[in-house]
Amino acid sequence: NAGVTQTPKFRVLKTGQSMTLLCAQDMNHEYMYWYRQDPGMGLRLIHYSVGEGTTAKGEVPDGYNVSRLKKQNFLLGLESAAPSQTSVYFCASRRDNQPQHFGDGTRLSIL
Amino acid sequence: EDQVTQSPEALRLQEGESSSLNCSYTVSGLRGLFWYRQDPGKGPEFLFTLYSAGEEKEKERLKATLTKKESFLHITAPKPEDSATYLCAVQAIYGNKLVFGAGTILRVKS
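Quick note, the sequences are listed as chains G and H, same order. Residues in the first sequence are numbered consecutively from 1, following this note's numbering. Residues in the second sequence are numbered consecutively from 1001, following this note's numbering.
Some clues are possibly wrong.
To give an idea of the interface, some chain H residues facing chain G are shown, with a C-beta separation under 7 Å as derived from the structure [claimed, not checked]:
1. Phe1034
2. Lys1042
3. Gly1043
4. Pro1044
5. Phe1046
6. Thr1049
7. Gly1095
8. Asn1096
9. Phe1100
10. Gly1101
11. Gly1103
12. Lys1109
In case anyone wonders, no lab produced these hints; they're calculated from the structure. Note that the Cβ used here is the ideal one computed from N, Cα and C, for glycine as well.
Between the sequences and the hints, there should be enough to build the whole structure, so can you do that?
So this is what it looks like as structure tokens:
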């Protein structure tokens, strides 16, 4: 049982490049979340989904887009990367009335 | 606006020296308060959920308690392997999201 798997684990981008981060869960969870974690600021919610085909904005959505075409996958896109988006990105999932389970993160550097 | 404040930011303990971490919160109706542990280079790992004031939960050397304004994570006779960042988060009664505090970095020296 893999749980929540994030791909890639590390990535370096140049300013203006685009990329997609993939989150996959094998627990048949309805809810999925994307967070960023920066030193001293804790986890901040970017976007989330309450089910297949749905997405909603979190606390810091600007510069990011998401899609949930399949229940098990939640994609986070950066259309034009900026240095301010250098961070560690975490994906989480849960079923109703249960705690969130997290992946091990994607470390993203934008030069 | 829901808010979570954790203190202290960092805590250094000697092995066996018991202490407590604090999580103060404001939320528009509490659905649940969550404690997570995060090791370097890893994602947060779930520890406890508390739902109402007066509730307590224990796991090995950890005990979490809840009042209407704050939660404490008590660590009894800690060991070096308890070293980690401990995160607190709240979920509002009508929400699907967690609001996290910035965390407390715990270092336990032998």
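Exercise. What are the numbers of the hints that this structure violates, sorted from low to high?
Worked result: 7 and 12
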